[in-house]
Amino acid sequence: MQNVQIETNYPQYLQRIWSARYFWWHLALSDIRARFRRSYLGIAWAVLTPLLLTAILTLVMSFIFKSQAISYAPYVYSGLIVWEVITSSGNDGCDAFFKASSYIKQFKHPMIIYSIRTVLVSMIYMMYALIGLAAWMLLKQPFHLLVTLVWIVPALCMLFFIALPVCIVCGITNTQFRDFARLLVLIFQMVWYVSPIFISDKLLMKSKHLHVLVTYNPIYHLLELFRAPILYGHAPMIIDFAYVIVAGLIFWAWAIRLLIKNENTLIHYL
Amino acid sequence: MTQKTHIILKNVDVRYSSLAYKAHSLKETIFRRVARKKINHVEITDVHALKNISFQIYHGERIGLIGHNGAGKSTLLKTIAQVYPLSAGSVDIIGDVRSLFELNLGFEMEATGRENIMYRGLLLGKKPKEMRAMIDEIIEFAELGDFIDYPIKTYSAGMIVRLAFSISTSVSGDILILDEVFSAGDAKFIVKAKKRITALIDNAELLIFASHEFDTLKELCSRVFVMHQGELRFDGKPADAIDFYHELMGLSLGKKTQTEEKILI
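Heads up: the sequence lines are chains A and B, in that order.
Quick note on numbering: my numbering labels position 3 of the first sequence as 39, and the sequence is numbered without any gaps.
Quick note on numbering: my numbering labels position 30 of the second sequence as 78, and the sequence is numbered without any gaps.
Please note that a few of the clues may not be correct.
In silico DSSO-like links for lysine-lysine, alpha-carbon gap of 30 Å or less [said to hold, decoys possible]:
no., chain 1, residue 1, chain 2, residue 2
1, A, 141, B, 58
2, B, 175, A, 176
3, A, 135, B, 201
4, B, 242, A, 141
5, B, 175, B, 243
6, B, 177, B, 201
Now the stretches of chain B that chain A is said to cover, found in silico as 3 or more residues with beta-carbon under 8 Å [as the list claims (entries may be wrong)]:
no., segment
7, 103-116
8, 125-134
9, 265-274
Hints were generated in silico from the structure; no laboratory data involved.
Positions of the beta carbon are idealized from the N, C-alpha and C atoms, including for glycine.
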């Protein structure tokens, strides 16, 4: 028996997210299934897409910069799959509430669960993509596999910690201002070119001015959480965690502010 | 902890924010912030969907809801289900709410009927284990046969209604909210559905449903509300409520029909 009141009571809000856990978890799994319904290769695309992109980028970059393709390929691949979680959390996040509008209009669950669903989908997808890196480690650097086993969980937690508020912010903003999704594509495109996702971080570090794109870029530090154990076989640095946590907290502050303001009224926009 | 199921609304107002209806863009918002005064005069006013609604419903009651299209029936039901935010007043509800609104909504069209039973059950707060235990019974009641393993998008409207109704009435709750469900199923299913609802009521549940079928209302309800232009205009016995509603219809439609008749002659 419960006394249902429209509340802004945080422990209760968290409790409601928790009690709806089966719902959002199954929705996320349903999304994954839906994505590959009647697709011949199915979930293998999670590995194939970044793999083919890596092949193209590696080919081009090794011509331009004469970098070593062998070490460059896993660098690009790792960058691509982590970056993909951020962009799809943002881009799919824009539609998260529209997509769930039939549920939102039927039953009062915390709005945030539809963002959690979206982020979960991209994270599950990314974990499949990690198989590609696991295979590479197994063949080339078996020792890295051990280090990765230890550090992959905190890295994934950090990724979720930053992707979820991004997803919430994008979702609420785009529900109110439909132009936002278009703008976001451009923003991501811009960040992609100024972050060491496919551009070699060592190359940027050598530059007098461009090194700031590495040193002070939270994306770089986020990627390092994955790259340090996977590519270099050592633990990520504390500073990497610090950057990601601070960036995450900023997004959380923004997301929570939007949630408090719009949690109840968002339904009118759907 | 033996508090009985109840719904108490006190002076409830619901407004739809006009912001949501305006062609809304970043450009406009920024522009409005910059030049606040100049643009104010094109303001669209909020829709006042529910006006000062107060009532008390206690367990065992079966409430019918009638009114024109746009009278506020669905809004009232969604407000009780806590889906719509209140602009003023308070809602006090004890009991789990199970609602059945727009019937084709709330299904994943690409997923099978079986999968959707699970999702909808989970939406209503059930656990996967509990849903697995009742899934066969839900399929049987919905009379879907082999279609249960086909994607929902292949279903006819009637099949979707039967499935949605079957799930929502199987998942136990204290308060059942139905919006015009009987208008969609076929005659045979309606008989079956009525039987089930009567059984639910026998278990001392609380029912609220909107319908245009006066016979059904008389048959099932102990009390009927008449909504008109966002206000609760009548609250009483089904027969009286229907009379009141006809009177209301006569008043608002009388003049029109007279003029129409003249034109026809």
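Between residue 141(A) and residue 58(B), does the CA-CA distance stay at or below 30 Å? holds, 23 Å
Restraint check for residue 242(B) with residue 141(A), where alpha carbons must lie at most 30 Å apart: holds, 25 Å
Taken at face value, is the distance from the CA of residue 176(A) to the CA of residue 175(B) at most 30 Å? violated, 44 Å
Given the hint that residue 135(A) pairs with residue 201(B), does the C-alpha gap stay at or below 30 Å? holds, 16 Å
How does the coverage statement for the segment 103-116 of chain B fare against chain A, requiring three or more residues with Cβ below 8 Å from a Cβ of that chain? It is violated, with 0 qualifying residues against the three required.
Count the residues of the segment 125-134 of chain B whose Cβ falls closer than 8 Å to any Cβ of chain A, and tell me whether that reaches three. Coverage by chain A holds for the segment 125-134 of chain B (7 residues, Cβ < 8 Å).
Below or equal to 30 Å on CA atoms is what counts here, so check residue 175(B) against residue 243(B). holds, 27 Å
Checking one constraint from the list: CA of residue 177(B) to CA of residue 201(B), max 30 Å. Satisfied? Since the Cα atoms of residue 177(B) and residue 201(B) sit roughly 26 Å apart, the hinted pair holds (cutoff 30 Å).
How does the coverage statement for the segment 265-274 of chain B fare against chain A, requiring three or more residues with Cβ below 8 Å from a Cβ of that chain? violated (count 0)
Hint compliance for this structure: hints 2, 7 and 9 are broken, all remaining hints hold.
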